[in-house]
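In order, the protein sequences belong to chains S and F.
In the working numbering, each residue carries its 1-based index in the first sequence increased by 34.
In the working numbering, each residue carries its 1-based index in the second sequence increased by 163.
Everything labelled a hint here was simulated from the structure, so no lab data went into it.
You may find that some hints are simply not true.
[Unchecked claim] Under the rule of at most 25 Å between Cα atoms (straight-line distance), these lysine to any residue pairs were calculated in the SDA-like manner: (1) F:207 x S:340; (2) S:380 x F:266; (3) S:421 x F:291; (4) S:283 x S:363; (5) S:380 x F:303; (6) S:545 x S:627; (7) F:291 x S:208.
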Amino acid sequence: MSDVVEKTLTALPSLLSLDSQPGAAKLSSTSKLGNLIRGITELTSKHEEEKLIHRELASIKEQVSSPNTSMRQMKELMVRAIYCESLGYEASFSYIHAIKLAQQGTGLEKRVGYLAVSLFLNENHELLLLLVNTVLKDLQSTNLIEVCMALTVVSQMFPKDMIPAILPLVEEKLNHPKEIIRRKAVLALYKFYLIAPNQVQHIHNKFRKALCDKDPGVMTASLHIYLQMIQENAEGYKDLTASFVSILKQVVGGKLPIDFNYHSVPAPWLQIQLIRILSLLGKNDQRTSEIMYEVLDESLRRAEMNHNITYAILYECVKCIYTIHPKSDLLEKAAKCIGNFVLSPKINLKYLGLKALTYVIQQDPKLALQHQMTIIECLDHPDLIIKRETLELLFRITNTQNVVVIVEKMLEFLRMSTDDYTTIDLVGKVAELAEKYPSDCVCFSYKNYTYAPDNEWFIETMNTVFSLSGDTMQPDIPNSFLKLLSEGFESVEEDRKLRLFAVDSYVTLLKGETGKLPQFFLQVISWVLGEYSHLSEELKPATVLELLQKLLDRKQTSSETKSWALMAMTKLCEGRAGVSVAQQVSETYISSMDTVLRQRAQELQHLSQDSELRARVLPRDADLEPLEVDSSLSFLDGFVSEALAAGAAPYKPPHQRQEELSQAKVLSLEPYGLSLPISMSSCSIADRQSPTLLSMSSGLSGDSTDLSHKGGSTTLKFEGVKRVWGKEGYLAQKESVEEAVQVEAPSPLRSTSQQAEVVGSHSQTPTLTPTPEPEQEKQQLASSLFFGISSQSSVCLMGKSGPTPQRFRRKAKGQSSSSGATEQMSNSVVFTSTTVDNLLCNNPPDSTITSEVDVSSSKHTSELPQGLTAANGTCDIEAELTDSDLKGSSPPLSGDNGLENADPDPHENLDKPQGVCLSSHLPAELSGLCRSEITPLCTLQNLDLSACHVHREDTIVLVVFITNSSDSAVQHIRLDLDSELLEVSCVSESPAKDVRSVAVYLYSLTVRRPAVHVELAGTVSYQVPVGTPQTAQFSYKLPLTAFIRPLTVSTEEYGTMWLAFSHDTKQNLTLINDGQEPLVATLNVLRKKLQLHVVEVIGVEGILACKLLQDQPCLMHFRVHEGALAVWLRSPVPDLPDCLIYHCQRALQEH
Amino acid sequence: MISSHDSLRLFLAAADNDDKVRVDGEPRAALEADVVRCCLSRKKEQCSFVDHRDVRLVYRQYAALYIVVGVTDTENELSIYELIHNFVEVLDKYFSRVSELDIMFNLERVHVILDEMIQNGHVVETNKSRVLAPLHALTKMADAS
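Next up, chain S with everything else stripped away, as it sits in the complex (with noise of 0.2 Å):
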């Protein structure tokens, strides 16, 4: 630490002491807030700490609504308010006050104004329309300061909607000659860029030239812009890479002015920021990492001061060099960086340096071996968040030979841990490893034992992490559990021995004290003995029903669980003995007030005695076919129609409901009694709704989309009724949901994963045995941690051949998601549009002001070729892919450190005349119609994984192919696609027959949400004959557009139909100007791009329409309005009125 430091540390005790301070006393005896804090420091107890806020704040109130009340003294208020509900107590009188001071008051009240409504208000709070007023003249006033105060509000918090009212104002302080307003209105653009991206879409440019401010304050403002954009679209700045460098050149040279220094370090938190924007512009890039090496190397060199702050630049490096393309000179540096952290004796150090080595473990697990002991060190740690992150470590290194002994000490912290967090994380993590690696079977010594991952250590592990994790878990742990236990492997053999096992564990458990175990466990339990305890011969059901029983009869026994129980007997009462305890159950439980709990107990009463009836119902070692489930609950459409026959209103989802009470609300001007007969009459024959949809909610739900100027009254009339209704209606449709889940429960889903074949297992219980020499005990439990590690790290890092690591293949649970980044190539297709994009990126129209500023670079328009081949067309273009958009877009494999060199990729060279080849393999339907471009998404060892998407009138097919480039055949070649925003379903599969052929995949996609983007993410995964299964993961993005529409309809029914639709935007677009009519160009070319169908145009205002796939419209009025293009959409569909305006945004911007 440095002397500076150590100087206040040691100066502040004596500062602290409440007499030494004159000044402070003087100012607390005069004021109020001096009264007020010196009584709150004099209480006691919470309970008079309560009543003298309320009499501080009724004083207060008091205060500020009076009239005589000046604006001094205001601010004074406002500070005690700000006080009180810094302690916890709500001063919302004092809101409005706020905002009044804000708005009158001058310099510091002013500014209290302003802090106290950031301090009081949220970002969704109403009254912050109050500001907007106030912001906008500030903006304009000629002081300074108050200018200064607006924009530091509007960096922290400003409406979404209200931004355009103050974008022009907030541009134009852009070129301001005060640094200081040309650094805030930086960043009050980047709050916009926050909250609503689309809206200074079109100022991008001016970012650049913020970047490039002769002033390095605002240079650093707009640093904040790139990040965030660069996180998002790293592919579009690649040609700043050289302006970034320079600039971080310049600061670690010591070229700023000395006041940015931090204890003579230059500018530190900006390296960090650079260095970050670095480590993302050079991911996956040889080439934009080769330009940062140099001064990589430089800032490493330069950090080698003795203090903190040097090290998190360090620690920033370290990450960056292991993030971007490897250089061996640089990661040998940043080894020795990390191993100094490693081993300080400074506990900060130590922890950073545990976090760096989590960090780059994936891509040179010999690090971990360099520093074994250092780790051991750590594990027996008595900093516990010390001991956490080793073990965040150890859970990346984990293979088949140290998962046991990782998972033991992963459990050995669980049973310490107090905090739930911590141990819903870790029960995670445990319960992940131990499910990746139940069986396949390494074996290896460790003093005298031989440690298997094998059934009996999966059962045992699972049972730790079950009773210790209380009823905390996540649900997806025992349901993933129990889905692996009736999957099962591939060895029937194997199957049996696991589920017996497991068994038979339970039962001892069931047999000894059960009051401790949680609610999950037992239910999982309760299934288990239920489903698998006629595997055991020496196990007679009665025993188990016995068991079970008493599980019942305790009290703490939730009825979720009793549930499970019953349903358990269920399975198992045959025999005279067993029916008559199950009849003794039913009885008890017949009359429960729990409806499913009485569900349950009538099953088991009726199946009990009818034991034909129970064996079709409950066949026990069921097929592993799955059951269909009928999620449109189509066998109830006979009913549906027959009730809707009687008179009853189709159903309608309950938020449509309350929409259209809402309406009904607004609308209720009829006396009540006539409504009535009018509704049921027209009900019955009104809006046929898909009849597969459950209608239940009967007559009495009054349609008012169609009655609404006459029916609303009767929903007003019903409304206690109808909530009633259509609460019921719901509840028996989720009634025979589940009845049919019930009976799926048994069945097996399909199965996920592919499992290594199943070798003999080894069964030894998992015990440490105390040797006598602690250290040898040490050396002997880093062998065994580091094993799988140490025997292969010289052989291979990637999978090339031989045994191989496995990889974190689930991608959804927390932390190691960033783990599978070795394998896991993200490669964002490059489309018509997006390559334009990059073009009006890379090439702003002003690009001499960059040039002449002197940290950019004079590389901006290097990419220029690539986006021109694309420039034109919008979906009608040609599968030719030329030799640089190929090489741009498939990433060199990451993670391969030194090994790169030694291992050419072969499959570089081939690229060209796959992607040409690839296209005569789309299937003869799809190959006339429009398709993107045919983009590689990863290259495996033995595939290469090609996409394209085709638009086909009624739907987007998007068609994978997958090359055997190897000379082995591959097998079991699996796809899973999966994305939040988009429908994914498999048309069909052409599985490769032979050594380098092509299989093609065909799946077609629907939208479920729209977003600007969508993107999927996908796995795939095969096997070759001899070796581990492989996995990797890519993803694929198309823009929205792809997925739109003309939509052909009248005037008229536009005129309905925009009255029907709720979501709707608003903004200002730019018209084109290009001689002929400006309105029709501009519609024109949005006809074009966007693929939308021109309702009418009438003078100055155009009407068009288009729709989402499957019929989800949207309507978009335009209007010329003093030079610019008014526009507003509509649409039912949430979210797709913003993407679109996106959309067309970006199209005019591109003409």
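Add chain F to chain S, keeping to what the hints say.
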């Protein structure tokens, strides 16, 4: 920093001698009490970072005053640790030898300073004279009138 997550807040916690705690920040009383307890229970030799639910806390102690910052997992803890010190140095410069009382009685000024340094969970200015410039201007204005 504190990363751009909404869930992250910046607290300024002041604990006085009899261990009764006052927290200045957002009114989430229970969470604050928890956070403060969490930090107070740490020993000197333990590391200055601690996990609290889903937030990692970085704290720094100045006699009885604790300054606590919540960050996400991806943040560089040490840089935040130093940022806290930078903040204290700025306060020190403004109040010329800052004390806990200065902070308590000039809450609004401390907030103004903080607003200059940190916005939307990012470090926006660390240059001491620039951080203080607006506040100095305001004070001058107030004196003049």
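How the hints compare with the structure:
1. F:207 x S:340: This hinted pair holds, its Cα atoms lying about 21 Å apart.
2. S:380 x F:266: violated (30 Å)
3. S:421 x F:291: Violated: residue 421 (chain S) and residue 291 (chain F) sit about 37 Å apart, past 25 Å.
4. S:283 x S:363: holds (19 Å)
5. S:380 x F:303: It is violated: about 44 Å lies between the C-alpha atoms, which goes past 25 Å.
6. S:545 x S:627: violated (29 Å)
7. F:291 x S:208: Distance of about 23 Å is within 25 Å: holds.
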